[in-house]
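Colleague: Chains as they are written, first to last, in the numbering used here: chain A, 18 to 425; chain B, 9 to 356.
Please keep in mind that the hints were generated in silico from the structure rather than gathered at the bench.
One or more of the hints may lead you astray.
[Stated by the list, open to error] Some residues of chain B that are not near chain A, with every Cβ distance over 12 Å (derived): (1) S35; (2) G67; (3) Y114; (4) R209.
[Said to hold, decoys possible] Stretch-level coverage of chain B by chain A, calculated; a stretch enters the list once three of its residues show a Cβ under 8 Å from a Cβ in chain A: (5) 164–173; (6) 194–207.
[Said to hold, decoys possible] Interface residues of chain A toward chain B, partial, derived using beta-carbon atoms under 10 Å: (7) A41; (8) V265; (9) N292; (10) A305; (11) D308.
Glycine included, every Cβ here is placed at the ideal spot set by N, Cα and C.
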Amino acid sequence: MSEMDPAAGTPVAEPEQAEHHHGASLRDPDAAPVLSVENLRMYFPVRTSGIIRRTVGHVQAVDGVSFQVPSGGSLGLVGESGCGKSTTGRLITRLLRPTGGRIDFDGRDIAQLSQRELLPLRREIQMIFQDPATSLNPRHTVGAIVGAPLQIHKVLPKDKIIPRVQELLEIVGLNPEHYNRYPHEFSGGQRQRIGIARALTLQPKLLVADEPVSALDVSIQAQVINLLQDVQREFGIGFLFIAHDLAVVRHFCPEVAVMYLGKIVEIADRETLYNRPHHPYTQALLSAVPDVKQAAIGGRRERIRLEGDVPSPILPPSGCRFRTRCSLAREICAKVEPPLLQIGPRHKVACHFAGELGQAPQEPVTMGVCGVDANGAPVPGATPDIQLNDPGFSERWMDLRTGQTTGA
Amino acid sequence: MSFLSVRDLVVHFPTVDGVVKATEGLSYELERGKTLGIVGESGSGKSVSSSAILGLHRGTNAQVSGEIFLDGVDLLKINDESIRRKRGREVSMIFQDPLSAMHPYYTVGNQIMEAYRIHHDVSKKQARARTIEMLDRVGIPQPDRRVDDYPHQFSGGMRQRAMIAMALINDPGLLIADEPTTALDVTVQAQILDLLQDLQREFNSAIIIITHDLGVVAEMADDVLVMYAGRAVEYGPTKEILVHPEMPYTWGLLSSVPDVVGDTDAKLIPIRGNPPSLLSPPPGCAFHPRCDHRDKVPGDLCRTTVPELTPARAGGNHTKRCHLANPDEVYATEVLPEIAPELFEEQA
Numbered sequence: 018m019s020e021m022d023p024a025a026g027t028p029v030a031e032p033e034q035a036e037h038h039h040g041a042s043l044r045d046p047d048a049a050p051v052l053s054v055e056n057l058r059m060y061f062p063v064r065t066s067g068i069i070r071r072t073v074g075h076v077q078a079v080d081g082v083s084f085q086v087p088s089g090g091s092l093g094l095v096g097e098s099g100c101g102k103s104t105t106g107r108l109i110t111r112l113l114r115p116t117g118g119r120i121d122f123d124g125r126d127i128a129q130l131s132q133r134e135l136l137p138l139r140r141e142i143q144m145i146f147q148d149p150a151t152s153l154n155p156r157h158t159v160g161a162i163v164g165a166p167l168q169i170h171k172v173l174p175k176d177k178i179i180p181r182v183q184e185l186l187e188i189v190g191l192n193p194e195h196y197n198r199y200p201h202e203f204s205g206g207q208r209q210r211i212g213i214a215r216a217l218t219l220q221p222k223l224l225v226a227d228e229p230v231s232a233l234d235v236s237i238q239a240q241v242i243n244l245l246q247d248v249q250r251e252f253g254i255g256f257l258f259i260a261h262d263l264a265v266v267r268h269f270c271p272e273v274a275v276m277y278l279g280k281i282v283e284i285a286d287r288e289t290l291y292n293r294p295h296h297p298y299t300q301a302l303l304s305a306v307p308d309v310k311q312a313a314i315g316g317r318r319e320r321i322r323l324e325g326d327v328p329s330p331i332l333p334p335s336g337c338r339f340r341t342r343c344s345l346a347r348e349i350c351a352k353v354e355p356p357l358l359q360i361g362p363r364h365k366v367a368c369h370f371a372g373e374l375g376q377a378p379q380e381p382v383t384m385g386v387c388g389v390d391a392n393g394a395p396v397p398g399a400t401p402d403i404q405l406n407d408p409g410f411s412e413r414w415m416d417l418r419t420g421q422t423t424g425a
Numbered sequence: 009m010s011f012l013s014v015r016d017l018v019v020h021f022p023t024v025d026g027v028v029k030a031t032e033g034l035s036y037e038l039e040r041g042k043t044l045g046i047v048g049e050s051g052s053g054k055s056v057s058s059s060a061i062l063g064l065h066r067g068t069n070a071q072v073s074g075e076i077f078l079d080g081v082d083l084l085k086i087n088d089e090s091i092r093r094k095r096g097r098e099v100s101m102i103f104q105d106p107l108s109a110m111h112p113y114y115t116v117g118n119q120i121m122e123a124y125r126i127h128h129d130v131s132k133k134q135a136r137a138r139t140i141e142m143l144d145r146v147g148i149p150q151p152d153r154r155v156d157d158y159p160h161q162f163s164g165g166m167r168q169r170a171m172i173a174m175a176l177i178n179d180p181g182l183l184i185a186d187e188p189t190t191a192l193d194v195t196v197q198a199q200i201l202d203l204l205q206d207l208q209r210e211f212n213s214a215i216i217i218i219t220h221d222l223g224v225v226a227e228m229a230d231d232v233l234v235m236y237a238g239r240a241v242e243y244g245p246t247k248e249i250l251v252h253p254e255m256p257y258t259w260g261l262l263s264s265v266p267d268v269v270g271d272t273d274a275k276l277i278p279i280r281g282n283p284p285s286l287l288s289p290p291p292g293c294a295f296h297p298r299c300d301h302r303d304k305v306p307g308d309l310c311r312t313t314v315p316e317l318t319p320a321r322a323g324g325n326h327t328k329r330c331h332l333a334n335p336d337e338v339y340a341t342e343v344l345p346e347i348a349p350e351l352f353e354e355q356a
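From just these sequences and the hints, can you work out the full model?
Modeller: In structure tokens:
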């Protein structure tokens, strides 16, 4: 932190602000999706070293991911390192060109657009990075950093840029007089505010925030989360919020998707996902989070121990990718990949034995939709009835208790 | 006297810009088999004060004073050779990032063996057998094969396990874990915390766990020491401090982290401003520029006088450093209803 660094001097004093006391963000049920991702895939080739760089395999970083981000709302993307959540973010901002799938932004598929075609879209989709120390050019002033997008996209004449930059600095809670200072003169939290101001410069419709607070001190994290909530409310920006911290995501995102080894294993509204998770991985992830308030009122929850490490994404396990660490895994899990099945109005889960914690069903719940028997062998004549890649939620879903399709 | 007894520890770093007062008058006690959690933000002095126990400031221009008694011996009074014999044998340390704490050119086994052979007169073969045994104990699969791997061949969680094996191979009485799980994913963090607790029961060692995560402290620690700007601001049994915190900085830490359970109406209340510079900390209570409750103290006591570490109103061994006359009432009526409405209703 710069506080300890004599060269940095004293961090710039922050102007006193109105108190922010924010509850969790809520979902607007009528919001249309600003982003709709369908069956998105990203395979990175693995090459041998030497002159002839033969491709010997692929890292399946993202493998068939589908979701929607509502206009002005947020979707959280959580998972452990290597699960593909950051790659997903980079695909949506088109820092990477996906191997396959659709990215519908504002009604247009941007998955395979060329750099030239993307240029106007860069105004609409912006990104906030994890580490504000490395994502700001140390040799540029804050004014140049925040004003750069305005120059590049020629939105404003030169003499109007500085006033606009000052306006933006004020929005993110920095002193507008400080536009001619350099990033090292600011503390970590203030630098992240600069990163946010830069992302807001062009008034984007979608912000991809990749671990926006995990590099910050705890007391500063809350300041930045509250700022992001303010900004979202004021400008109606859709957020894809990528983080490994389940508590932060719960606070910021009314809907959350959990990723494991390149796939979404469960996606649901906040209440369902955190209170009644149906995927054994989500259950394990939640039980692993140390919890202050729980400990304060007595005892800790029983932890679900996950054995071993995440398998390699070059050779992922057959069938369900989580089966190697799953306590429920049976024969069918190695044979058939579980579809992401909708089991509630806003709840999808990809598990043959989906159920609340400790109430996993005896028989696979997916036999009908996959057209297989309890051991995963195909049933002759059965037609699999799966709509794997629908990015949104359907009006009808499968009721796990009855096994029948029901609807709202 | 306790197994570990730190008294009035001061660590200052003279720099060209002035003296960085990294630790000011820190005192705490720790028994074998118990865990102390030290909580604070970056630059609060939590790591600096703990590395003083290992004598890691020797040979630098740091000014260290006070007393650190380990098993009755003052570690600040003994010579360099004696502290070197204790380092790794009686006190060892686990670092935050195991990749940078291990040498990339040596095998994991080699590095662990080295720690053992320095303190024990054994053959290479015996040391290797002991290393494999230790790797097995910390849950590394196929330890007889993995012992010859290099650090980069291990995953993050396995590297941290290997670090723990290295730290515990000499069965030290005191283990200092400096942010041992911050670089790890939650499920791996849970594995490592479980492992530390199992090993503590087995070896009856004392553990100091340095972290910024109150959740980790809540699960691991018997006692908590909250540090701010180089000073202890609240100290006592974990449960006391989490249920009846009496220092506004601790309240701030509790209210600025969201939760995975409980009411989603719970508010996220940040601590305003930034942590202070240790070169010129604010006069009086170092926390007063960020404190929401300073106006409740008559006069300008908070701005002029450093509060003493005094017994908390709740009693017990709980102490706090704050001028507020009725911190327990302020917490119960003003802070708790905002951050944990459901707890508040339960108590009412």
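Colleague: What are the numbers of the hints that this structure violates, sorted from low to high?
Modeller: Failing hints: none at all.
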